[in-house]
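A.B. asks: Based on the sequences and whatever the hints tell you, model everything.
Chains as they are written, first to last, in our numbering: chain X, 1 to 271; chain V, 1 to 226.
Rather than coming from a laboratory, the hints here were simulated on the basis of the structure. Do not take every clue at face value.
[Said to hold, decoys possible] Partial pick of chain V residues on the chain X-facing surface, computed with a CB cut under 8 Å:
id : residue
1  : A32
2  : T117
3  : M121
4  : P124
5  : S127
6  : E146
7  : G147
8  : Q218
9  : K219
[Said to hold, decoys possible] Every beta carbon over 10 Å from chain V, so not counted as near; a handful from chain X, in silico:
id : residue
10 : D152
11 : K218
12 : R253
For glycine and all other residues, C-beta sits at the position ideal for the given N, C-alpha and C.
Listed below, chain by chain, are the residues.
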Amino acid sequence: MATVVTVTSGKGGVGKTTSSAAIAAGLAQAGHRTVVIDFDVGLRNLDLIMGVERRVVFDFVNVIAGEATLNQALIQDKRLENLSILAASQTKDKDALTEEGVGQVLDELAELGFEYIVCDSPAGIERGATMALHFADHAVIVTNPEVSSVRDSDRILGILQSKSKRAKEGGKVHEHLLITRYDPVRVENGEMLSKEDVCDILAVKLIGVIPESKAVLKASNTGAPVILDQDSDAGLAYSDSVARFLGEDRPMRFVTPRKQGLLSRILGGGD
Amino acid sequence: MMKAPRLRANRYSLMTLEWPQESEPLADWLKAQREKAPALMDEIAIVLKPAPEHPPEEIRLAVETLDQLDLGLMGLTGSPQHRVVADELGLAWLSSNHGPIESESSHEMVASQSPDTALIMQGPIRSGVQIYAKDRDLIVIGQVSEGAEIMADGHVHIYGRCRGRVAAGVSGQVSAEIFCLTFESELVSLAGTYCGSDQIPEELWSARVRVRLDESSQKITFGLMT
Chain X
1 MATVVTVTSG
11 KGGVGKTTSS
21 AAIAAGLAQA
31 GHRTVVIDFD
41 VGLRNLDLIM
51 GVERRVVFDF
61 VNVIAGEATL
71 NQALIQDKRL
81 ENLSILAASQ
91 TKDKDALTEE
101 GVGQVLDELA
111 ELGFEYIVCD
121 SPAGIERGAT
131 MALHFADHAV
141 IVTNPEVSSV
151 RDSDRILGIL
161 QSKSKRAKEG
171 GKVHEHLLIT
181 RYDPVRVENG
191 EMLSKEDVCD
201 ILAVKLIGVI
211 PESKAVLKAS
221 NTGAPVILDQ
231 DSDAGLAYSD
241 SVARFLGEDR
251 PMRFVTPRKQ
261 GLLSRILGGG
271 D
Chain V
1 MMKAPRLRAN
11 RYSLMTLEWP
21 QESEPLADWL
31 KAQREKAPAL
41 MDEIAIVLKP
51 APEHPPEEIR
61 LAVETLDQLD
71 LGLMGLTGSP
81 QHRVVADELG
91 LAWLSSNHGP
101 IESESSHEMV
111 ASQSPDTALI
121 MQGPIRSGVQ
131 IYAKDRDLIV
141 IGQVSEGAEI
151 MADGHVHIYG
161 RCRGRVAAGV
171 SGQVSAEIFC
181 LTFESELVSL
191 AGTYCGSDQI
201 PEELWSARVR
211 VRLDESSQKI
221 TFGLMT
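C.D. replies: As C-alpha cells, then:
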C-alpha cells in the first residue's frame, strides 16, 4: 500500500517544488521506493529542479489520457535508484487532471511497488491543487514566516480537511508543517514571524524549519535536490525534516542566529 | 411614543405589503399575484404598510379587500399616524423604526418550532470555512482562524482562540451572545449589529470575553467572562 504525500501551500513561491524534490529524494535515500509527481500542469518546474528536463518524453497527462504507459512516462533518477519522477505537461492545462484519471495513475504506481508517492501541488486552490490534495494520506504544508503565506496555508488546511477523499470518508489527512526561508536574524529583530508564531496560528505539528540559504537557488540551477548538498544548512535541515516525517525525533537546527565573528561583522559577510 | 424593541426581533416570516399613494387598485394587483404564485399567497402572513398620505378610510377599504381575498393580514405598519386606524380595526400595530431587520424579516426568518441542541464543531476552523448553526447555538471546541466565519441563530461559544468572524443571533435574535475563551475576533456581529476588532477594548484582547447587545442602546458591549 503506497502512502500519498502531498506538498502544498496555497501561496505560490514559498518553496513547494524545492521541498517536494528534497522530501522525495530524502525518502529515497532512506531506502523507500519513491515517485514524485508534478501536478502543476501547464507550468511544470519539477523536472528542472530534479535535473531531468531533457529526459521528459511522455508526461502525467499523457498517461491519464492513455497516450503512454506509466513505465514510458516514469523517469528514473540517475543519482538515487529508489527515486522516479513523473513530469507534468507544459502544453495542456489543469482540466486534463480528472479525479478518475489521477486515481488510476496512483493505483498503478502502488501496484508497481512504490512506497511513497510525493505530489507536488501547484499554487492556488483551483483544480490542480485540489486534485493533488484529493488523494492525500499525508500533507506537508509549506509556509514562509510571513502573514499572507500563513493565512493561505490555513485556507489550504481547511480545504484539505473538507474536500480530500480521506476527509469525505470520515477520516483525517495527517498534517505536517514545514517552514521555509526562515531567517533567525530577522526573527530576532521582529521583522519576521517566529516559528512559534506560525505554529500557534496554524496549530499543526512542525516537522522542519528550512533556513533561507543560497544553496537552494544553486541546487535549482544545477538540477539537484538541495537535500543532496549535505554541506549546506538547507540540505541538512531537509534531512532532519524527512527523518522527523518518518517518525524520528531530532532537535531543530539553524533556528537561532549564528554568532558572527568580529571580522565578518565588519566585512558584512557571513553566509 | 414608547416603542417596543422586542418587536423587531420577530421570528416569523412576514411579508410587508408596501402600498404607495398612487398605486393601481390593491384588489387587482393582489389577484394577479395570486394567479402567479397561488401557493405563496395562501401561505403568507402580511403586514400592510400604507403610504403616509393614505387617509384612514382608504386604509379601511384596503383592509376589507384583503379580508375578502382571504389573505392573512397580521397588522399595520408605516407612519405613526396610522396607528389609530390599526387600533380601530382591531389590528396589531408593528412599529418599524429601523430598516435592516425589517427587510431581513421578510426573507430569512423562519420560526424555530422546537429548540435544537447546539451544533458542536471540532476546531481548528480554518480560514475560508463558513459554519452556520441554523435555529440553534454553535459550540466550537478549538480555535477559529482568521478568515473563518462562524454564525448561529442562537449563542456562539468558542472554547479556544477566536481570530475569525463571529455572528450570533443572525436572524435578529437580540438576546444572542458570544462567549469566547481567547477573544481576538476580526469582526463580531449580534442580531445584525456589528463591530470590527478596532472597537474591541484593548484590555479585553485575548481575554475570556462575553459579548452581548445592550437592549436600550442597541450597542455591542464587551465584558470579561467571570
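A.B. asks: So which of the earlier hints does this model not fit?
C.D. replies: The structure breaks hints 1, 2, 3, 8, 9 and 10; every other hint is satisfied.
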